[in-house]
Amino acid sequence: MEDLDYDLPPPPVRGGLYNSGFEGPRPRSSFDISDVTDSHSRLPSIHNSSYSALPLDHSGYRNSQTHSPLAKGYYDNPSQTSLTGQQPQDYIPRDIMNEKRALYANAGRSRKKKWFTLGALGLILIVAAIIVAIFFTVVKPHDTKDSKNSSSSSNSNGGNDNSSGNGGKQALVITGGNGSIITMDNGSTFTYVNNFGGSWYADPDEPFSGRAQAQSYTPPLNTSWRWGIDKVYGVNLGGWLNTEPFIAPAIYEPYVNATIPAVDEYTLSQNVANDPNSGGLEKYMENHYSTFITEQDFAEIAGAGLNWIRIPLPYWAIEVYPGEPFLPNVCWKYFLKAIQWARKYGLRIVIDLHAAPGSQNGWNHSGRMGSVGVGNGVMGIANADRTFNYIRAIAEFVSQSEYSDVVPAFNVLNEPLAPTTGNPFLQSFYQESYNIVRNASGIGENKGPMIMFHDGFQPSPVWAGFLGQPDRMAIDTHPYFAFNAQSTAPISSYAPQACAAWGPLVNGSMATVGMTVAGEFSLATNDCGLYVNGVNLGTRYEGTFPGGPTVATGSCEPWDDWESYTEDTKQQLFEFAIASMDALGNWFFWTWKIGNSTVTGTVRAPFWSYQLGLQQGWIPADPRVATGYCNNSSPFEGPLQPFQTGGVGAGEVPASFTTEFPWPPATITNIGSASVLPSYTQTGSPIPSLPPPTITASNPSTTFNAGNGWANAQDTIAAYTPISGCPYLDPWGGVGAPIPTAPCS
1 MEDLDYDLPP PPVRGGLYNS GFEGPRPRSS FDISDVTDSH SRLPSIHNSS
51 YSALPLDHSG YRNSQTHSPL AKGYYDNPSQ TSLTGQQPQD YIPRDIMNEK
101 RALYANAGRS RKKKWFTLGA LGLILIVAAI IVAIFFTVVK PHDTKDSKNS
151 SSSSNSNGGN DNSSGNGGKQ ALVITGGNGS IITMDNGSTF TYVNNFGGSW
201 YADPDEPFSG RAQAQSYTPP LNTSWRWGID KVYGVNLGGW LNTEPFIAPA
251 IYEPYVNATI PAVDEYTLSQ NVANDPNSGG LEKYMENHYS TFITEQDFAE
301 IAGAGLNWIR IPLPYWAIEV YPGEPFLPNV CWKYFLKAIQ WARKYGLRIV
351 IDLHAAPGSQ NGWNHSGRMG SVGVGNGVMG IANADRTFNY IRAIAEFVSQ
401 SEYSDVVPAF NVLNEPLAPT TGNPFLQSFY QESYNIVRNA SGIGENKGPM
451 IMFHDGFQPS PVWAGFLGQP DRMAIDTHPY FAFNAQSTAP ISSYAPQACA
501 AWGPLVNGSM ATVGMTVAGE FSLATNDCGL YVNGVNLGTR YEGTFPGGPT
551 VATGSCEPWD DWESYTEDTK QQLFEFAIAS MDALGNWFFW TWKIGNSTVT
601 GTVRAPFWSY QLGLQQGWIP ADPRVATGYC NNSSPFEGPL QPFQTGGVGA
651 GEVPASFTTE FPWPPATITN IGSASVLPSY TQTGSPIPSL PPPTITASNP
701 STTFNAGNGW ANAQDTIAAY TPISGCPYLD PWGGVGAPIP TAPCS
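Position one of the sequence shown corresponds to residue 1 (full-length UniProt numbering), numbered consecutively onward.
Hints should not be assumed to be uniformly reliable.
Derived pair list, reagent style SDA-like, types lysine to any residue, alpha-carbon separation capped at 25 Å [claimed, not checked]:
1. K283 - G187
2. K337 - T183
3. K447 - G638
4. K333 - P688
Pair ranges (Cβ atoms, derived) [as the list claims (entries may be wrong)]:
5. S188 - G638: 24 to 32 Å
6. G179 - S555: 42 to 50 Å
7. C726 - P662: 47 to 55 Å
8. S188 - K333: 38 to 46 Å
9. E637 - T259: 55 to 63 Å
Calculated directly from the structure, the hints in this document are not laboratory data.
The C-beta atom is built at its ideal place from N, Cα and C for all residues, glycine as well.
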């Protein structure tokens, strides 16, 4: 078997194009898995009888000669065998199932029973007439409202007029299902396609409703998500609010050959701001935000059978310090749109702080490519202090009741680099983050978000027992095969590798740590693709990556040229996709969309686009077809322990953890004593709360409480702020700088 690569950077290499102190061009990378077991196990297929479900969409499943978990078909009869060979549970309430079965009961009845049956049917017709009358006098007026304005969303009615004969007013349709017509804010329309029984809901007079349902097998937003039971089928919206060159190449390509090339959002912002023909940074970035992802993407995600989205958000959504070139605050406006669209289509959001001041990993998606500045270097403590302000602002916002149903999970920091900072620093950072979030939300089920901690590229045993019995803590892991050792092995070899490696990894973590989610994975088997490693950095596969192998494994052209993929190639990718999905259990594909290159006019990193794979057939139209592919014989039995889902014992964190992992930590890797390093002090003004959306009701006299951005009014601790009179380096300039000899206070 080839090396089972994981997301860890290669040894540092130098690159003259980038900022000083650069430890090397380090893309999303990988390391050899050291704790892989031989047998794959996965979560059991547990269904909620309160959610109705449609049959699996077999059109999205490519038959395999070697793996055919769907050969027996899909059954809704509990007396038959499920896909996994176990007795399935009803997806719909048992009284409905019993009525259904009664239709097929033995027809040999007595004449007396026949007349009894006819009488019963007559009674049913009378009751039905009453129900219809109630529906059209009570329920229907709620679903269709009069409005002086044009409908923001309208059902497809076979060409029928929507006018209601009430003086020219148009009926405002607030809900619909498959085939309904959606009108977006810009006036354009699209057809909502959802073959999974999903329904959208958007009532301007009930803006915080949780009535939408992404699919019939997914709980609606007004029903609690059951961690460890309900399955997370998700995608990332990478490259949207936190840009990356390989995901959104069109906004980078005009500046990739500039004097200072645009290699990350830091240098992109500088180039755009200095370009008199760009229209200015705000216009440039808003054009990207408003077009790269739209409401239609959210509808399509629900229509693809997916129920979660993970949205990377940078710290500059909240604020920037003087001298930092990022556009502040504007992308927050689009995150608010994301909440609105997710609510409309029944999707849930993981908000992911993807970029911290100083950079938590030195990769381009952290805002500035170069060195690690959080937990490392002279500014390592100060940058972390400042990051806590942003974690707190986000936690307070998403813990508000108006938003907690749509944003029930918060990943406090994407991919912090524990191999650089050391585990003790990251554990101290996570403990303080946990305290901040739970201070905002409170303790217990449905009080604020599930807290997600990235594993820091450390094996799961590092996190076993961390914090004792923390309230709703999950581990986020990012498995990739794409980086480090390149291979000529066929794509077909990666499906069994995913089953053998990723299944035990995730399920072992479920058993020893708690809820575990694969926050990122892709179908990349090599590092080909435009800018996948970074701008102008080449690829390991072709032997052109700085510091990588100089002998080419092959040419990337056949892999980048997805238009020429054969049906066999698509089939192999399909098998790799469903193997990965089954092995990981709860997952988010990285990423939903790769934008077109302005040079070629097409996607040039096809392994990474869920949307493209869906369109071309190498991603399943129904993610549930992956269930059982790996044919595991020892699944994680569950359930999660009560404290892990906010139940009994949640939040019981022994004092010994505070002693062992204090904030600030006593020492920092590569520095020694942290007491002499610059830090911030919690004496500043209260952290500004994140603004809520502006909501307009159909009735101008109606107003809504959209929250004030701050869930816990008792949380009045001052913000971290610079100490007056103390010198501070640039957030990205602390690595390699002289270490102070005494603290400044």
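Hint numbers contradicted by this structure
Of the numbered hints given earlier, those the structure breaks are 5, 7 and 8, listed in rising order.
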